[in-house]
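Asker: Next come the chains, spelled out residue by residue.
Number of protein chains: 2
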Amino acid sequence: MTPEPLPPGSRIGILGGGQLGRMLAIAAARLGMRTHVYEPAADAPAAQVANAATVAAYDDPEALAAFAAAVDVVTYEFENVALAAVDALAARVPVRPGRRALEAAQDRIAEKAFLNGIGLATAPWAEVDGPEALAAAMARLGAPAVLKTRRLGYDGKGQVRLDRGASAGEAWTAIGGAPAVLEGFVGFEREISVIAARGLDGAVVAFDPGENEHRDGILHRTTVPARIPPSLALDAVLIAGRILNALDYVGVIGVELFVTDGGLLVNEFAPRVHNSGHWTEAGCLVDQFEQHVRAICGWPLGDGARHSDAEMLNLIGAAVGEAPSIRGARVQLYGKAEARAGRKMGHVIRIAPRSA
Amino acid sequence: MTPEPLPPGSRIGILGGGQLGRMLAIAAARLGMRTHVYEPAADAPAAQVANAATVAAYDDPEALAAFAAAVDVVTYEFENVALAAVDALAARVPVRPGRRALEAAQDRIAEKAFLNGIGLATAPWAEVDGPEALAAAMARLGAPAVLKTRRLGYDGKGQVRLDRGASAGEAWTAIGGAPAVLEGFVGFEREISVIAARGLDGAVVAFDPGENEHRDGILHRTTVPARIPPSLALDAVLIAGRILNALDYVGVIGVELFVTDGGLLVNEFAPRVHNSGHWTEAGCLVDQFEQHVRAICGWPLGDGARHSDAEMLNLIGAAVGEAPSIRGARVQLYGKAEARAGRKMGHVIRIAPRSA
Numbered sequence: 001m002t003p004e005p006l007p008p009g010s011r012i013g014i015l016g017g018g019q020l021g022r023m024l025a026i027a028a029a030r031l032g033m034r035t036h037v038y039e040p041a042a043d044a045p046a047a048q049v050a051n052a053a054t055v056a057a058y059d060d061p062e063a064l065a066a067f068a069a070a071v072d073v074v075t076y077e078f079e080n081v082a083l084a085a086v087d088a089l090a091a092r093v094p095v096r097p098g099r100r101a102l103e104a105a106q107d108r109i110a111e112k113a114f115l116n117g118i119g120l121a122t123a124p125w126a127e128v129d130g131p132e133a134l135a136a137a138m139a140r141l142g143a144p145a146v147l148k149t150r151r152l153g154y155d156g157k158g159q160v161r162l163d164r165g166a167s168a169g170e171a172w173t174a175i176g177g178a179p180a181v182l183e184g185f186v187g188f189e190r191e192i193s194v195i196a197a198r199g200l201d202g203a204v205v206a207f208d209p210g211e212n213e214h215r216d217g218i219l220h221r222t223t224v225p226a227r228i229p230p231s232l233a234l235d236a237v238l239i240a241g242r243i244l245n246a247l248d249y250v251g252v253i254g255v256e257l258f259v260t261d262g263g264l265l266v267n268e269f270a271p272r273v274h275n276s277g278h279w280t281e282a283g284c285l286v287d288q289f290e291q292h293v294r295a296i297c298g299w300p301l302g303d304g305a306r307h308s309d310a311e312m313l314n315l316i317g318a319a320v321g322e323a324p325s326i327r328g329a330r331v332q333l334y335g336k337a338e339a340r341a342g343r344k345m346g347h348v349i350r351i352a353p354r355s356a
Numbered sequence: 001m002t003p004e005p006l007p008p009g010s011r012i013g014i015l016g017g018g019q020l021g022r023m024l025a026i027a028a029a030r031l032g033m034r035t036h037v038y039e040p041a042a043d044a045p046a047a048q049v050a051n052a053a054t055v056a057a058y059d060d061p062e063a064l065a066a067f068a069a070a071v072d073v074v075t076y077e078f079e080n081v082a083l084a085a086v087d088a089l090a091a092r093v094p095v096r097p098g099r100r101a102l103e104a105a106q107d108r109i110a111e112k113a114f115l116n117g118i119g120l121a122t123a124p125w126a127e128v129d130g131p132e133a134l135a136a137a138m139a140r141l142g143a144p145a146v147l148k149t150r151r152l153g154y155d156g157k158g159q160v161r162l163d164r165g166a167s168a169g170e171a172w173t174a175i176g177g178a179p180a181v182l183e184g185f186v187g188f189e190r191e192i193s194v195i196a197a198r199g200l201d202g203a204v205v206a207f208d209p210g211e212n213e214h215r216d217g218i219l220h221r222t223t224v225p226a227r228i229p230p231s232l233a234l235d236a237v238l239i240a241g242r243i244l245n246a247l248d249y250v251g252v253i254g255v256e257l258f259v260t261d262g263g264l265l266v267n268e269f270a271p272r273v274h275n276s277g278h279w280t281e282a283g284c285l286v287d288q289f290e291q292h293v294r295a296i297c298g299w300p301l302g303d304g305a306r307h308s309d310a311e312m313l314n315l316i317g318a319a320v321g322e323a324p325s326i327r328g329a330r331v332q333l334y335g336k337a338e339a340r341a342g343r344k345m346g347h348v349i350r351i352a353p354r355s356a
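Quick note, the sequences are listed as chains A and B, same order.
The first sequence begins at 1 in our numbering and counts up one residue at a time.
The second sequence begins at 1 in our numbering and counts up one residue at a time.
Do not rely on the hints blindly, as some may be mistaken.
Since the list gives no way to pick one copy over another, a pair counts as held whenever it fits inside one copy or between any two copies.
Said to hold, decoys possible - Straight-line distance between alpha carbons at most 25 Å, and here's what the computed SDA-like set of lysine to any residue pairs gives:
id : residue 1 : residue 2
1  : LYS344    : THR223
2  : LYS344    : ASN51
3  : LYS344    : ALA143
4  : LYS344    : ILE109
5  : LYS344    : PRO7
6  : LYS344    : ALA69
Source of the hints: derived by calculation from the structure; they are not laboratory data.
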């Protein structure tokens with residue numbers, strides 16, 4: 001039986017204080033919920049807009065226990081949450097999405113094995129635990145290929161491209177000698193992503209797939225609709241649904257896919273709201289942040305139909321300085337004090353009448 | 001010369017802690033601003049989502065001085081702010097919109113005299129300071145008519161309808177014997193409102209007029225577009241623009257108008273974001289709350305073009321209990337603990353493809 005929906009005024013705990021947590025907290029406030037952010041750094045973007053904040057380490061058992069006692073449900077805004085913290089919290093309060101999604105998302109080998117195990121195609125890959133294994137994998141998968149650490153990579157960090165003739169030893173050193181995966185080259189036309197949600201009752205809804213463009217390993221632009229045929233858009237949504245159901249997931253997920261001659265390959269998924277879904281704030285009645293809050297509170301999922309075409313641009317580093325002079329767009333800034341190079345400071349969304 | 005725009009991270013002071021202040025604070029957070037709510041009651045809806053809150057009376061000089069020192073600009077979310085408080089603040093920090101709009105909006109006589117003085121039509125009216133003046137005004141304006149207190153009326157409070165044969169003495173007692181205005185009857189087809197904004201640089205933009213339906217003196221529903229010809233919609237927008245310019249206004253204003261056989265009459269205006277503009281959250285790229293924040297921060301006004309038709313319904317009193325089960329709509333709740341009868345607890349917006 002599905003539990004009762006959490007009433008307005010319930011307290012949502014958010015692990016992580018970055019911009020995704022900030023936008024979750026704002027969406028929660030719109031639904032009359034209270035928020036409590038748990039984050040080691042002070043004055044974090046999400047903490048600025050939450051009702052309460054705990055500044056503590058993720059391995060602080062007393063702070064975790066007090067946090068669990070202060071909230072009605074816990075969610076997270078990043079996939080590298082320590083599983084021990086999740087376990088400590090889950091003993092006291094529902095954690096949504098659950099441990100299973102985190103386990104799969106934190107380890108590239110586990111993720112690919114999970115995806116292949118439910119019948120989804122990925123790029124060819126090989127587990128790599130040292131320079132010898134890497135040399136063997138390079139021989140098998142050919143060049144170019146990409147060596148990625150199994151854990152803790154994001155925004156292009158923790159990975160190195162290996163062209164023909166690359167040295168296995170140097171590559172192994174370049175990624176710090178950590179357990180890794182080698183991914184074979186995939187000649188893809190474009191990268192798309194699907195932001196989808198699964199409710200506490202098992203209902204699944206998806207936003208229209210967006211097309212992503214990266215610069216320097218960081219998402220630069222998402223355009224919706226993606227330039228793909230309707231049949232492929234449907235395939236992408238079905239893939240997201242399969243992942244959600246297999247994980248018995250509650251909340252929003254972001255699934256990145258490569259469009260290839262042979263169909264769709266899953267690149268990776270993030271068990272959280274996703275940068276490539278920010279366009280939903282301006283392109284849909286209910287955005288990914290509200291959808292996530294609805295799901296974890298046991299509310300029916302919202303109407304995520306796209307009313308407009310949309311283009312989302314990230315404001316990286318010093319580009320945020322342009323924000324006060326941007327016209328004709330929706331601007332969202334994250335409350336970060338220092339505009340360091342490569343740091344996501346905000347984003348801009350433009351819309352146009354729906355074309356397809 | 002127009003002052004420089006306030007940079008992200010600036011501190012916006014909001015007088016008043018209700019739902020309008022709450023939605024202003026949320027919009028400010030989206031633009032990376034900090035908010036500080038000043039409100040006599042504890043745990044007010046706006047204070048829940050602000051970065052800081054002062055709980056103090058509006059006539060507390062020390063609290064006002066400390067508030068002024070803690071913010072970069074001050075705005076307000078209700079029109080009955082004490083002018084003395086505004087003056088105390090304005091000596092230290094910009095207050096936007098300014099005193100002039102408040103003076104006109106706080107007194108129905110001043111408001112009507114101002115409107116007529118800039119060439120705008122209102123219902124016929126007469127100043128009433130006692131039962132004798134009321135009897136004379138009733139004889140002149142005929143029946144039915146509406147007697148309203150000059151000050152502090154809202155949501156149908158402080159007013160009484162006078163039908164043929166009504167007693168001037170009883171009516172005077174019914175509104176508490178306070179200085180008043182008698183408004184002659186206007187046979188109107190519908191009530192519409194225009195939400196418009198004026199920037200620090202004098203630029204004016206308006207959202208499409210909405211059509212309002214009241215129940216028990218409280219706004220029940222706003223539908224956009226209003227069922228009026230384009231020429232009348234343009235007239236309504238021009239009227240709002242004339243008011244904004246005459247007041248040298250900075251921020252968002254809500255102007256209520258009657259559609260009559262003879263054209264538009266101005267009912268009243270509110271020098272703030274307005275309940276009948278809530279639909280903009282779901283019908284426009286930039287909503288009235290962000291538009292207000294942009295204006296008072298000296299940012300260029302946003303794109304308020306309507307991408308969809310919209311219907312906004314208020315959730316009054318116990319109706320808020322339905323919120324967690326509402327489907328296919330955008331829901332906004334105000335964080336109020338007690339769902340008293342007649343209290344605005346939240347609202348619901350539905351959209352449809354743009355029809356006109």
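Asker: Determine for every hint whether it applies to the structure shown.
Answerer: We went through each hint and held it up to the structure:
With identical chains, the CA atoms of LYS344 and THR223 are at most 25 Å apart within one copy only, with a shortest distance of 18 Å there and 38 Å across copies. Taking the closest pair of Cα atoms, LYS344 and ASN51 come within 25 Å of each other both inside a single copy (24 Å) and across two copies (22 Å). For the homomeric pair LYS344 and ALA143, neither the shortest alpha-carbon distance inside one copy (32 Å) nor that between copies (64 Å) is at most 25 Å. Taking the closest pair of Cα atoms, LYS344 and ILE109 never come within 25 Å of each other, the shortest separation being 27 Å inside a single copy and 52 Å across copies.
With identical chains, the CA atoms of LYS344 and PRO7 are at most 25 Å apart between copies only, with a shortest distance of 17 Å across copies and 34 Å within one. Taking CA atoms no more than 25 Å apart as the test, LYS344 paired with ALA69 passes in neither setting, with 32 Å inside one copy and 31 Å between copies.
Of the numbered hints given earlier, the model fails hints 3, 4 and 6; all others are met.
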